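Note that the protein sequences, when read in sequence, are chains A and B. Positions 163 to 627 (the working numbering) are the ones given, in order, by the first sequence. Positions 686 to 1193 (the working numbering) are the ones given, in order, by the second sequence.
These are calculated hints, taken from the structure and not from any lab test. Among the clues, some could well be false.
As a list, the in silico EDC-like pairs of lysine to aspartate or glutamate whose alpha-carbon atoms are at most 16 Å apart [said to hold, decoys possible]:
1. A:Lys286 / A:Glu303
2. B:Lys962 / B:Asp891
3. B:Lys689 / A:Glu191
4. B:Lys776 / B:Glu947
5. B:Lys688 / A:Glu191
6. A:Lys273 / A:Glu236
Computed from a predicted model, the values in this text were never measured in an experiment.
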Amino acid sequence: MEILIMVFFILSVTFPVLHLYHSLPWFREPNERSNNREAELKKWMMDHEQEDEKGISILVPCFNETGILETSIENMKSLPYSQLEVLYINDGSTDDTLRYLDEMLQLKPCKLSTDGQLSYEQVKETYQSELYPNIYVIDKENGGKADALNAGVDYSRNEITITLDADTILEDMALPAVNDTFNDDDVVAAGGMVHVLQAKSKHSSNRLSLRKTNMLLRVQVLDFLKAFYISKLSLVRFKGLAVISGAFGIFRKQVLQDVGGYRKTIGEDIDITLRIHEFIAKHKNFKICFISDAVGYTELPETWKDLTKQRLRWQKAYIDCIIHFRSFFGKTIFSKAVSFFYVFEAFLIGTLASYIMTVIVIVNMINSPQDLFLSYVFFYMFWIFLFGVIYDVVAIKQGKHYGFTFNRKDGFRLFSVVIFDIFVYRFVTMYFVMYGSISYFFNKKWNKVSRTGRKYHHKDSKNAA
Amino acid sequence: MGKKVVLFILTACTVLILGIISYVFQFTTTTTSNIVKEIDRNGKFGDRQEEISLMDGDPVSVLVMGMDTRAGKQGGQTDTLVLLTINPDSKSVKMVSIPRDTYTKIEGGIDKINSAYGIGNVEMTMNSVENLLNVPVDYYIEIDMKGFTGIVDSLGGVEVNNDFEFRTDHSDFTDENVHFPKGKLTLDGKEALLYARMRKLDPRGDFGRQKRQRQVIESILHKGSNLSSVTKFGEIAQVVGKNVNTNFNLFELWMLQSNYKEAQENITSYEIAGEDKTIKGTYYYMPDKKELDRISTAMKNHLEMNDQDPYAGEEKKQDSESRESKEGTSEEAEEMDGEESRNDQEESNEDKEKEETDSIKGENSKGAEERNTEGSQEKHDPPNEQKETETFDSEEKPVENSGDPNVAQVITKNWSPVPTSQENYSGVSFEKGSLDWEEMTAAISKGAGLQKNDMIVWWVSGEGLKKVIGTVTDKAQTNNYRVYVSWVDGAGYKPTKVEVLHENDQKR
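Next up, chain A with everything else stripped away, as it sits in the complex:
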């Protein structure tokens, strides 16, 4: 028992410590930040069409997205990139998403060619916007997100495919950053940096603000900083990034077709990333990147109910993929970083250990006398407090390194978020992990998180002005 606890302790500490160190700038890979040119120079070159811009297709699957579409479209049409087409795929929405799109874009039917390599539900009609000729709409029968993406890939014409959620908006410099990274022909897929849309600051000097957010959003801001600037950054340096976030993923279209497109599953973003890993296994030069300068903002749940739905879905997706890719993991667990981290970190430590630790705590509570148990709890609290603070602080510093500072007035809010994160949020997420893993086997439903229906772009356009 003692030994078991010790082993789990060591394992569960090793991974965070490893990522903590590995995410530091000192360990960055050469050419990681390919667009480290002066932003102004870059802008100037773009304005004067000096940039060699590769064609990019942005795919936005929509299922009942009326609330957020305006924000998305406002963002898409403002993106400063010449070789861009945007495809909204209406996945058989039951509300008036299509009518809304028509209103915003002035749609007219048009004929689009397909590659015919991927299969998906039948497409009813394809449209082009009269106002913005590079924006298209594909109206198809409902088939799920993966199905919609497959259709989008099939209809898209450009070399690079970007998949966005309907509630994701991109920063102006995101596409040029993608373009720079994909200058390297070996890059077949990449993850973009995702921040919390609700925390997007009006001031360009500090790009995040916690002012108008509730505690739940604030803690997710921190969570995303940790996930992207520590964990994902470290994993991608190990070539072990298992999840290119569905909110902002970048792929070479050819690769998506080569791996057979998206699989209809609860976690299609993990699935496609793992398939690309399988594909890379046969093509040694290919690699997956994390583009820290390609920044997107996505809307996050603002209520516990929605957060629960979202996190349970993520956990179910994790479990689904470990089952689906079990043979790949089995064969490559010690030879491929992605398998190793997926199985050991996400599954053994992230999932199984939370059950075991809970059992240990309960057993201790029952078996140990009061004072001893209290000392355990004290020890545990001290431990997660210290480590939690360090981890959070590093994440915030990392964000600063990549140009995301908080408003000066956010100091206290940030402090309270760190405390909330350490003493409340991590236990809640542990519960999500535990509950989601079990409920996967009973209920595989895709719980769609409702959008807030906020209008983000009005604010943004004002900022831009």
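Assemble chain B onto chain A, guided by the hints.
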């Protein structure tokens, strides 16, 4: 690639450090909550335990209490009592076995010493041992049978030199049949327990048993002092778990192991000689007064207490292992009994011999009374005359061997009791404002020579049923006194002794 190596080394080091920190923390808290049990005690030697420093290698005394409880249950009796004094400077240990049936004063009554635990647990046992031997007991180690076997086993067994062949079948305390041949033996935990507990088969009775117990303790000390690794220590701590309690904290145990281990090279054992006696159908062991004093002096010297007793040096040289019968004269014993040695054992003992039919309670009060009337010329029992002269000599002069550096001067006078108006006196009440309290404090002020309205009572503690020790000062707090007051039946409270203190040790 080089950076990856740096990364892995960095991570490994960090995890290692974190692991060590948490292991140490875990171990400390677990062990502390399992084993370390601080006690709050008001012994006759005051705060000595807090003043001595194991870090500086001050000599310490440790009371080993072997409990006859089988698992980590509460209650039980102290089956074995061994007091050790450890002096790292002279690299020596002195060990005295206290027979469990020893007849002694226990908080207001007189009984077997092993019943102290039932009345007041560890604290009272320690107090009783201090009273019996007049040696401060700084630390205790309480260990039950399971803890004992656990320690012996994790030390890899103990080595003893058996001088008496026996076999433990048909014994009343065990079903095990183990044969213990004569000669050097290595015993595991269970065997060592049988070896240390067996009494009935030994023609020497309890003395044989005590000797075997000391052999086992010697071997444990020897083995324990050679423990080199923390992990071994941790293993023992794990094994003994709740079956061992001590007021050594972990740091002190660590210090004990590192600063005091050489002391076990030279161990001297003592036994308390005495007589068997049956009072009202109960068996008691009557310790020999002279023996007690001899041992007390030796141990105090060993503890380097400021004891100027002229017998001390001689005592040190004596071969102590010999068990002497009661051959010394009572005068000798009384000479060695310093005034401040408030040991009632002797008096009670003598009383016992005279009047065996008296109840134990009655004996006690009588004994106490007699002691407290020392110096008064009222009593004229022949044995007390010697004492009176003795006390007279020491009257009004600073007492060097009080063992308390705070005492500037000891005064014993023939105070008269404060007249009482209590009809049914039933012991000290400690109730402020009560008649008893008023009379008692009046006696204290009389002893201190202070007007009652110029006196602050800082602390009053009971010493048995009818005696109190009060710490008082004048209102200006310039003069500090410790006043010993006793109840005289039919007369009232009367001061028996006053210690002039350098400073008020009860002021908090």
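Hinted pair, alpha-carbon criterion (16 Å max): lysine 776 of chain B, glutamate 947 of chain B. Please report holds or violated.
holds (6 Å)
Proposed proximity, glutamate 303 of chain A with lysine 286 of chain A (alpha carbon, max 16 Å):
Roughly 7 Å between the alpha carbons, so the hint for lysine 286 of chain A and glutamate 303 of chain A holds.
Between lysine 688 of chain B and glutamate 191 of chain A, does the CA-CA distance stay at or below 16 Å?
holds (10 Å)
Take a quick look at whether lysine 689 of chain B and glutamate 191 of chain A sit within 16 Å of each other, Cα to Cα.
holds (11 Å)
Given the hinted pair lysine 273 of chain A and glutamate 236 of chain A, is their Cα-Cα distance within 16 Å?
violated (25 Å)
Given the hinted pair lysine 962 of chain B and aspartate 891 of chain B, is their alpha-carbon gap at most 16 Å?
holds (14 Å)
Of the hints listed earlier, the one the structure fails to meet is number 6.
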